[in-house]
Each structure stands twice: as C-alpha cells, then as structure tokens.
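Visitor: Protein chains in written order, with the numbering used here: chain A, 1 to 112; chain B, 1 to 113.
Honestly, the hints are just simulated from the structure, not real lab data. If you're wondering where the values come from, they're calculated on a predicted model, not measured in any experiment. Hints may contain errors.
Some chain A residues close to chain B (C-beta under 8 Å, calculated; not the full set) [what the hints assert, rightly or not]:
1. 26
2. 43
3. 55
Here chain A is said to cover these stretches of chain B; the calculated rule only asks that three of the stretch's residues, wherever they fall, bring their Cβ under 8 Å from a Cβ of chain A [said to hold, decoys possible]:
4. 33 to 44
5. 53 to 65
6. 94 to 102
7. 105 to 112
Cβ atoms here follow ideal geometry from the backbone N, Cα and C, with glycine treated the same way.
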Amino acid sequence: GIQVEQSPPDLILQEGANSTLRCNFSDSVNNLQWFHQNPWGQLINLFYIPSGTKQNGRLSATTVATERYSLLYISSSQTTDSGVYFCAVEDTRGSTLGRLYFGRGTQLTVWP
Amino acid sequence: EPEVTQTPSHQVTQMGQEVILRCVPISNHLYFYWYRQILGQKVEFLVSFYNNEISEKSEIFDDQFSVERPDGSNFTLKIRSTKLEDSAMYFCASSVGWNNEQFFGPGTRLTVL
Numbered sequence: 001g002i003q004v005e006q007s008p009p010d011l012i013l014q015e016g017a018n019s020t021l022r023c024n025f026s027d028s029v030n031n032l033q034w035f036h037q038n039p040w041g042q043l044i045n046l047f048y049i050p051s052g053t054k055q056n057g058r059l060s061a062t063t064v065a066t067e068r069y070s071l072l073y074i075s076s077s078q079t080t081d082s083g084v085y086f087c088a089v090e091d092t093r094g095s096t097l098g099r100l101y102f103g104r105g106t107q108l109t110v111w112p
Numbered sequence: 001e002p003e004v005t006q007t008p009s010h011q012v013t014q015m016g017q018e019v020i021l022r023c024v025p026i027s028n029h030l031y032f033y034w035y036r037q038i039l040g041q042k043v044e045f046l047v048s049f050y051n052n053e054i055s056e057k058s059e060i061f062d063d064q065f066s067v068e069r070p071d072g073s074n075f076t077l078k079i080r081s082t083k084l085e086d087s088a089m090y091f092c093a094s095s096v097g098w099n100n101e102q103f104f105g106p107g108t109r110l111t112v113l
C-alpha cells in the first residue's frame, strides 16, 4: 500500500510560536486529510485537501500533489493545540476503495 | 452539525468473549468504515462498507470480525472471540462517497483482559 511519512515525529513549542508539519506520500492520491487527535483520543477533522491550499483560522494546509507532499501550518500556537497530528491519504487505485492510510503522526506539545 | 456517534465509549471484556461495537453514521452518508488504533500506534484501516456489503477489508479483518448494517441508521462491528491483541481504540467513519472526506466518530476504547 501507499507509504505515508510524517515529520517531525515530535515537536515542542512555546505558546505563540509557529510551526510546520510535513506529510510525504509515495503515490498519487485522491484524498488527503489532516486530523488532530486530542488527549481524549478523538480524531478531529482539520482539512480535506487532496490539492491546493486551505485556511481555517490559525491553521492552514497546502498539498502539492505532483510532488507528493502536504504541509500543515500552525500559527500563534496555543496549549490547546497540543496532541497528535495525523495525515491520511487514499490512493488512486480502484482496488482500495475508501481506505485511508495514516502516517505515524507528529506529537505536538505547546508549553505556556 | 451532523456527527458520527459511537457506543459504548469504553468496553471491557474477557478474552474469548464476543463484543459488538455500534456506530451511527452521518445520515446522508452512504459509505462506512471501521479503523482501529492500538495504543501509541497509528490508525489502521479495517473495513469499508457500501450498499450492504463489504467493499474492502484489510489483512487485520480476519474471520473473527464481521460488520453489519442491521437497520437504516446503525453500523456495527462484531468481534466474535476477542483476543488480548484486540485491545485498541476502534473508530467508525462515514463519507458521502469514495474519495470524499471521511468523518470519524469519537471511538470506542476496547480493553480485553
């Protein structure tokens, strides 16, 4: 199946700092999503972004499908941003209907 | 805003027992999924379901697992004879179509003793 690599694996920030999380994938994709897993384990949808750029408040994401990567930007980080950020992709092969492949995530810790 | 719901939030069971995890997908969604996440690991796909049949299943989804849509709203995952290694968080998800955004429920934390 498609390989999804996320970097960095861990990130520690002071409140107010900006950060960039990266997701590389090994094949063409139809679907790319970013999630935030909160301390209770819930997966919160951040972006559905198979290509292009989107912004939602302090968060934005860019996917360059031709170069097989996506970036998640967090500006002016807050302690509530702490948690694990996952990238997940669905490849273009018709034999893997709806299957999302997840990366191992970036563990973000924001200190006050 | 519509959301996927799951019950129970926590389930503790003895090894060898059967468990049924329940999900109510978003009402206008037609595609349903189960994923699991063993503690500290990444989320893994189990199965996708459309039009009352399995569309794809992973190598994890062996004969001990089954899925069902018993009525117009519920989507269930049954583990017939639980093993210690089935302990994980199980997520249900739904989407309007293939290649569309998948929305996840809050998960059921299953602990097998």
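Visitor: So, for every hint listed, does it hold in this structure?
Guide: Quick rundown of the hints versus the structure:
1. 26: Hint on residue 26(A): violated, closest Cβ of chain B at ~15 Å, above 8 Å.
2. 43: 4 Å, holds
3. 55: 17 Å, violated
4. 33 to 44: holds (count 7)
5. 53 to 65: That given contact holds, which follows from 3 residues of the region 53 to 65 of chain B lying within Cβ reach (below 8 Å) of chain A.
6. 94 to 102: holds (count 6)
7. 105 to 112: That given contact holds, which follows from 3 residues of the region 105 to 112 of chain B lying within Cβ reach (below 8 Å) of chain A.
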